[in-house]
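J.: Given the sequences, and given the hints that come with them, work out the whole structure.
2 protein chains.
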Amino acid sequence: MIPTITAFERSPDRGRGLARDMPVRWALEEVGQPYEVRLVSFSGMKEQAHLALHPFGQIPTYEEGDLALFESGAIVFHIAEHHRGLLPDDANARARAITWMFAAIGTIEPPILERSTAMFVERDADWSAQRLPLIDDRIRNRLAALSGRLGNADWLDGMFSAGDLVMIGVLRRLSASGMLSEYPNLSAYVARGEARPAFRRAFDAQFAVFTAASAG
Amino acid sequence: MIPTITAFERSPDRGRGLARDMPVRWALEEVGQPYEVRLVSFSGMKEQAHLALHPFGQIPTYEEGDLALFESGAIVFHIAEHHRGLLPDDANARARAITWMFAAIGTIEPPILERSTAMFVERDADWSAQRLPLIDDRIRNRLAALSGRLGNADWLDGMFSAGDLVMIGVLRRLSASGMLSEYPNLSAYVARGEARPAFRRAFDAQFAVFTAASAG
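Going down the list, the protein sequences come from chains A and B. So in full-length UniProt numbering, the last spot in the first sequence is 216, and the numbers never skip. So in full-length UniProt numbering, the last spot in the second sequence is 216, and the numbers never skip.
A portion of the hints provided could be inaccurate.
What the hints assert, rightly or not - Covered stretches of chain B, as calculated for chain A (at least 3 residues, CB under 8 angstroms):
{"#": "1", "segment": "97-103"}
{"#": "2", "segment": "106-114"}
{"#": "3", "segment": "128-134"}
{"#": "4", "segment": "140-154"}
What the hints assert, rightly or not - Over 10 angstroms on every C-beta distance to chain A, these chain B residues come out as not near it, computed from the model:
{"#": "5", "residue": "Leu18"}
{"#": "6", "residue": "Gln33"}
{"#": "7", "residue": "Val37"}
{"#": "8", "residue": "Gly44"}
{"#": "9", "residue": "Pro55"}
{"#": "10", "residue": "Met119"}
{"#": "11", "residue": "Arg123"}
{"#": "12", "residue": "Gly158"}
{"#": "13", "residue": "Arg172"}
{"#": "14", "residue": "Ala205"}
{"#": "15", "residue": "Phe207"}
Hint data in this document are derived by calculation from the structure and do not stem from the laboratory. Virtual Cβ for every residue (Gly too), placed ideally from N, Cα, C.
T.: This is the structure we're talking about:
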């Protein structure tokens with residue numbers, strides 16, 4: 001059965017692969033699962049048909065027969081659980097890979113989201129320029145710890161896993177900030193993920209959507 | 001095998017069950033799994049022995065034989081996957097329950113963490129009073145959507161699951177704000193979780209740690 005995901009008709013990231021369909025596309029490419037994409041507009045995301053799939057009116061969603069899921073981490077996990085290649089067979093290694101998925105979303109991403117809020121939502125507020133260094137220090141605390149744990153390894157825990165896929169997706173949100181370059185092993189880690197053929201296919205697919213929307 | 005978790009020697013929440021050992025204790029109580037607790041101090045959390053278990057120097061951790069995990073969501077998931085009672089048997093219902101775990105951590109919690117940062121970390125900053133209403137509106141957007149999805153149901157998707165356990169843990173962080181009372185069905189949902197015998201046992205256990213530390 002070919003699953004259908006949703007993605008932005010016109011992504012606000014201008015095709016840089018920062019929208020949340022990207023990790024889902026990447027996971028599907030890693031396991032070799034073809035998929036279909038239904039594009040939704042910003043107004044369409046808030047309509048009842050989409051809200052029935054995604055209570056928070058966002059993308060991506062994932063439909064496969066009777067199953068409808070939302071939340072990119074949950075969708076990546078579902079794909080990883082039902083295909084080989086994104087979770088180790090060993091039970092303990094599998095639990096640790098899942099831990100890295102949760103760590104990416106629960107520990108690394110929150111201060112990065114705060115940064116996005118400061119840069120965009122609160123851009124014109126008096127305090128934004130003063131707050132940004134405070135936020136960046138909180139991000140650095142997390143990156144330093146992550147960098148220390150990764151060390152010289154290629155991936156966070158043995159083989160490439162869904163934990164790396166989600167973590168790299170989160171770290172890519174910092175690309176424009178230049179902060180990753182302060183941690184060379186993290187920059188190399190992200191580059192290693194981006195060099196995977198499955199990442200390239202996923203990236204190109206979402207970029208093609210942006211290009212088509214811009215031409216249209 | 002009896003797992004060992006870590007918790008604060010002296011929790012900054014003064015025993016209100018908002019520290020992240022609480023969802024782990026609650027999950028263990030729901031499935032009837034006895035556990036041991038090792039208390040760690042704030043300085044101890046940053047020492048090498050603890051950092052080897054938790055790269056971000058926080059609590060909780062979870063040790064079970066050769067397995068060491070961190071990140072409360074990942075630990076709750078591990079417990080749910082290895083015991084009956086926190087995830088439905090039906091594959092689709094199970095995937096949806098896992099989706100709610102990720103939604104709690106990835107969608108509901110980030111603006112709530114921003115609120116905590118504004119209230120505590122940036123408490124004395126000039127902008128905090130002005131920013132708080134903006135943050136609260138972002139929280140309300142998420143709560144309104146969650147409230148709409150929950151409707152009159154007892155739990156988010158059929159039976160009580162790890163998704164509800166994590167979601168209620170996240171919503172309880174808003175207790176002191178009074179915001180939950182704007183959404184009566186969410187208040188009732190949290191109260192329903194707090195009334196579960198397993199929640200009470202977990203709450204009492206963490207409260208006893210706080211009481212002992214205060215007396216000591």
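J.: Out of the numbered hints, which ones does the structure contradict?
T.: 9
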